[in-house]
Amino acid sequence: MIRHIRWCAWFCALLLAALLVNAARVQVWEAAAYRDSPANKRPAVERWAQPRGDILVEGRPVTGSRDSRQLLRWERTYADGPLYAPVTGFASQTYGTSLLERAEDALLAGTDPGLTAFPLWYDLARGRPSGGNAETTLVAAVQQAGYTALEGKRGAVAALEPVTGRILALVSSPSYDPGELSGTGTAVTAAWTRLNEDPARPMLNRALHETYPPGSTFKIVTAAAALDAGTVTDVDAPTRTPDPYPLPGTRTLLPNAASGCEDASMADAVRWSCNTVMARIGVRVGLRGMAEAARRFGFNDAGLRVPAWVSRSNFDTDMSPDQLALSSIGQFNTKATPLQMARVAAAVASGGELPAPYLVERATRADGTQIRTGGRRGGSGRAMTPSTALRLQELMVGAVEDGTARNAAVAGAVVGGKTGTAQHGVGNAGTPYAWFIGWAKAADEPLPGVAVAVVVEDASGDRGDISGNSAAAPIARAVMEAALRAGP
Amino acid sequence: MTALTAEVADPAPPPPPGARAPRGRGAELMLLAGAVAISVLGHLHVGFALTGAAPRGADRYAAGLACAALLAHLAVRFRAPYADPLLLPIAFLLNGLGLVLIQRLDATTPHHLAAGDQLRWSGLGAALFVVAVAVLRDHRALQRYAYLAAAAGLVLMLVPVFFPPVNGAHIWIRFGGLSFQPGEFAKILLAVFFAAYLAANRTALALTGRRLFWRLRLLPGRALGPVLAIWLLSVGMLVLERDLGTSLLFFGLFVIMLFTATGRTGWIAIGLALAALGAYAVGTLEPHVHSRVEDWLHPLASVERGEGPGQLAQSLFAFGAGGLLGAGLGHGQSFLIGFAAKSDFILATAGEELGLAGLTAILLLYGILVHRGFRAGLALRDPFGRLLATGLASIIALQVFGIAGGVTGLIPLTGMAMPFLAQGGSSVVTNWIIVALLVRLSDSARRPLPDGGAEGGG
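Chains V and E, in that order, are what the protein sequence lines are. Heads up: the first sequence at position 453 corresponds to 453 in the UniProt record's numbering, and the numbers run straight through without jumps. Heads up: the second sequence at position 183 corresponds to 183 in the UniProt record's numbering, and the numbers run straight through without jumps.
Chain E with its partners taken away, still in its complex shape:
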């Protein structure tokens, strides 16, 4: 392992031997091999459980996954040699598990296959990961494009309004049989903008503002203006497009990044107040949001009315049927959820067939991913990098909480996608780019200082 890493061309001057922290590229390779193995075994298992034979082309499938893993690893090894070794394997494993679950659900919906598309999108995502890691040599380069990112993000969110709605929401654009949600990419762009803007203005935001009494200050209007404007614009647009999940995600992201940048608890208070206001307004004005809250409070109400179980009830049935150890891949009945079983409700299949044990493992994988993001943020030295890492980690955390909490009845359902797991091309691609950025950030964070100091830590 040490011999391999020694061969890597290292732009930094070699630190004295013995004092060098391990970079973890060998560990990353081993973990990636494990992730590929688990994905391929899951693929085979589903085939045997449902048809009694290995899926056709399983050997090519395995080879393809291994190639993708190797390419991604090589990109990290040559372009981000100090990157956190856990990020890539976790992303790869989650993506592989998602493919397994979608392939399993495909078997019960033969007229609506999704695994092939998802595989192609995953390949595209992994390719973009490689490109992003290779092209973007320093995350600080992004800082220069803050306003461009904001503009692009807003345009991306605006475009679907001109396309026909799908299931009541203007969030897709379609052409040539392909459909994707541009709002997914907007997440990254807005996170970049927030990070850049807040890094530049955080002193003003933190310290100015008229003092009322004791430590209470009014928040400074001048510095706040542009941020608030962009935020209002994005949220307003999302409400127009009926995509409340992403709207809530932006809101949470905004509050977290503002709080991190300024350290003022006032932001949290304002955030909560705005959230309460928004929730009340949307809950009373939007009938389908209101019904989701009702569903969350009484998931079995429709059963008692004799109307059969709703989707949330079906999801809870699936989780309950999983129990501690699960029914086993291919042996559950999560397809009873019906619509969106492969996207919003993908976690129910994991819960039913892998049980609480498997579900906990998946949630902990996300936990580690988020943890590694925050850790990069803590170790980075520039405010932009810190804020961007915090923002990206928060995007993953909020998204996981939003959808996992929704399908398990912890909070009302909001339409979000389980990162990497859920069916959805734009979502998978976006997540790969997020992971690429985290890899880049963690590489900067763990890179030894030019003077040979060991700051950063692994």
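The following block holds chain V by itself, in its conformation from the complex:
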């Protein structure tokens, strides 16, 4: 009997060994697979177990957290949600994150390795540090000015500091309250459905993610290309352009909205926005020269991050001459985000350097100590020569002083601008988009304070180039005034 009791004991020892080996298999070898299973709620529970860090505007948090006592515990709140939605985006237990909430998620959620001097300690203790804060470059007054001016319209404003690329305002209208998407439950899913089914598309960030045909505002790029390439050496010399201008290789005649464009100089063409002159200049520069200039201005770049991603602005690189002519006046397949057109204006204002726009000035730990600063030194490269930039500054100032952009004038400041009215839709049937791009420099300042791009989608019925001046320029003026008043 002794022998058989021993056998039983050994059998039990075998069972114990099997248990231990299996436990090691589950807890060590397969642990990663279980952790990554989409059905495992632990990562989500841990992620929301502590309040997120905040997004700050001029040192004041525009986000907050509230204890929901639910499984995914801390829910996001937004002060002035609709005003800052195009910057903060949402942070939802149900739908994930967007914009800064997404781009700076590691910082805000507390997983950024920079948040702790001893990352190994948190690995060992299985905790995570408090979320850090993201201090934005926004200026509240500028943001508010753009938001108020756009209220009731569909459109977007992007404003930045030309030399540094700091984004001062990013407005998209209509907007929404991202706080509605915080948490879980039927109210959240209902809000999500409602916002997504809304024909006005309030969750679309029109400043960063929508591309519009830039229309006449693109003529600044065409003019810069012509000056840099030497195609035009004297901006005041007549260009011998017929009105209307037959598109090369076709019988299509390109008309002007303005009068007095026949044989106009490039200076007058910018001031009065002559399609014929600028289209012909584009053709004379040639496809390669135009595509190269567009690239230098930041077109065809899918990699722009501010740090939220920005849609690629397009200028075709393979076209027939008639298509090139249309592209040179911002039509055909030329498309740009408002932020991209603000960069074009900023490049002119800053003497030819294309700025790298950014939204996050500083990332700090919860106690306020700095982890890193935003912005890229040296910008995104040179868009044009300084002398070309100087010429274009003069032309843009002319357009505001006695051209198509007079509604953008700001008292006590030098303002340069360019309006645009972009046709779109099948057979150009859609309501034209009203554009304005420009920059302003306070009279007593050495550097320009602000560059801005405004697009208004539904500038009601006004089909001429006038709509850029009547619908978009006043909004830009409000934004530029606010920016100059806020100072550098």
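In case anyone wonders, no lab produced these hints; they're calculated from the structure. These numbers were taken from a predicted model, which means no experiment stands behind them. Any given hint could turn out to be false.
[As the list claims (entries may be wrong)] So these bits of chain V aren't anywhere near chain E, every CB distance computed over 10 Å:
1. 105
2. 113
3. 191
4. 204
5. 238
6. 243
7. 262
8. 319
9. 322
10. 362
11. 398
12. 458
[Stated by the list, open to error] If the Cβ cut is set under 8 Å, some of the chain V residues that face chain E in the computed set are:
13. 4
14. 9
15. 20
16. 30
17. 34
18. 40
19. 42
Using N, Cα and C, we set each Cβ at its ideal position, and we do this for glycine too.
For chain V, the structure is supplied; the task is to place chain E on it using the hints.
The following block gives chain E in isolation, referenced to the frame of chain V:
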């Protein structure tokens, strides 16, 4: 230590000094103090981790545990002075850890508190331990009540059939807000019956039976009859009551004890054959058993179907999240398991919050407990004692393997309770009685022979 033990009234004639083996009562006291300390620290830790403050009445809690430990120790010291010094501290530690884990899970299910009840049942169990150790002076007394034990066990298993089912199984009886599983107590009674019956009939079972050829014999039908009948009855009843975990436990216990008694490997062959047959029949006839096998083979199948994780998947997630060192008490999310997180799946909380390190420690504690049971069985001199010790140790081992293997995906899930750890009043009380019997058996095993010989060993 020696001075203390010398004061104990010793019924056996004192052996010559110097030749006496240490009895280990001092060691037991120290280990018990450690077990109480760990339980109280766990209690405090959970409070601080979940609410940032010590739980209310922590001082009374600590005092209560210490008193219970001291009483149990005194019972052993005076009534079973030669008992194995590891049994009581391990039981106490496991029970204390179980209370800590249940208290921790209570914090996430405020509408369904269980720690208070579990504490009361544990107190009752410890009291029964003291009573059993004090009253039962010789385990051989149980041998006389073999058939009474069998009858009582069968009645206990039959009673719940007349009560409404809980979660589809007729294993609970309820009255006055209390509920318990009489089948738990039946385990001990049937082990006593098997041990007594097999001790009396083992020669007949081992040596008779018609020889077929070489060493192969038919198993003797006459001696086998009553055993087989009682076994079939109990298993059949369990299948009717939908309690397959206990059914498998009885089956394994029966095979092990029969093998130990007779030493015939034929029993193992028959056991395996019957097990295979039973498993096949139950697997095809019982849809919920079939689904458990499916779950075990493909724990994440419901996730892939987009139906969310099943309970076993949640349990595996919890173990995986624990990793090597665990998330720390109070820092895991094992409550995601939901239903039965405090009972069947209690080990997942240990795995997640204490990690593989803590889980290994807990499993090794069970291992030592079982080892000490077998060791008492080896050292005992009477067949009944040997068989009873083997049976009780096997009950613990099979139960631990059944449920721990189930929740870690080693074998299909069967509803068993982790001894001492899991929520469940009848289970805790039963385990305390099992430990009391092991203490009694080990006391007999290690007691020096009246002629002063040192047989038994420590």
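Interface restraint verdict for residue 9 of chain V against chain E (beta-carbon cut-off 8 Å):
Because about 4 Å separates residue 9 of chain V from the closest Cβ in chain E, which is inside the 8 Å limit, the hint holds.
(message) Can you verify the interface hint for residue 4 of chain V: is its Cβ closer than 8 Å to any Cβ in chain E?
(response) 5 Å, holds
Consistency of the no-contact label for residue 105 of chain V, given chain E and a CB cut of 10 Å: 21 Å, holds
Worksheet item: Checking the smallest CB distance to chain E, is residue 238 of chain V really beyond 10 Å?
Response: 70 Å, holds
> Just checking, residue 191 of chain V versus chain E, shortest CB gap more than 10 Å?
Replying inline: Per Cβ check, residue 191 of chain V is outside 10 Å of chain E; nearest 24 Å; holds.
(message) Over 10 Å from every CB of chain E: does residue 319 of chain V meet that, or does the non-interface label fail?
(response) 47 Å, holds
Worksheet entry | No chain E beta carbon within 10 Å of residue 243 of chain V's | Non-interface label on residue 243 of chain V holds, nearest chain E Cβ at 64 Å vs cutoff 10 Å.
*Are all C-beta atoms of chain E more than 10 Å from that of residue 398 of chain V?*
With a cut-off of 10 Å, residue 398 of chain V remains clear of chain E, as the shortest Cβ separation is near 63 Å.
Restraint: residue 40 of chain V near chain E, CB-CB cut 8 Å. Satisfied or not?
5 Å, holds
Residue 262 of chain V non-interfacial with respect to chain E [C-beta, more than 10 Å]: It holds; residue 262 of chain V is separated from chain E by about 67 Å at its closest Cβ, greater than 10 Å.
| task | Grab the minimum C-beta distance from residue 42 of chain V to chain E and call the hint holds if it beats 8 Å, violated otherwise. | result | Holds, because the Cβ-Cβ distance from residue 42 of chain V to chain E comes to roughly 5 Å (cut-off 8 Å).
Note to self: Beyond 10 Å on every Cβ pair: is that true for residue 204 of chain V relative to chain E?
What the structure shows: 30 Å, holds
Going through the hint list in order, the structure satisfies each hint without exception.
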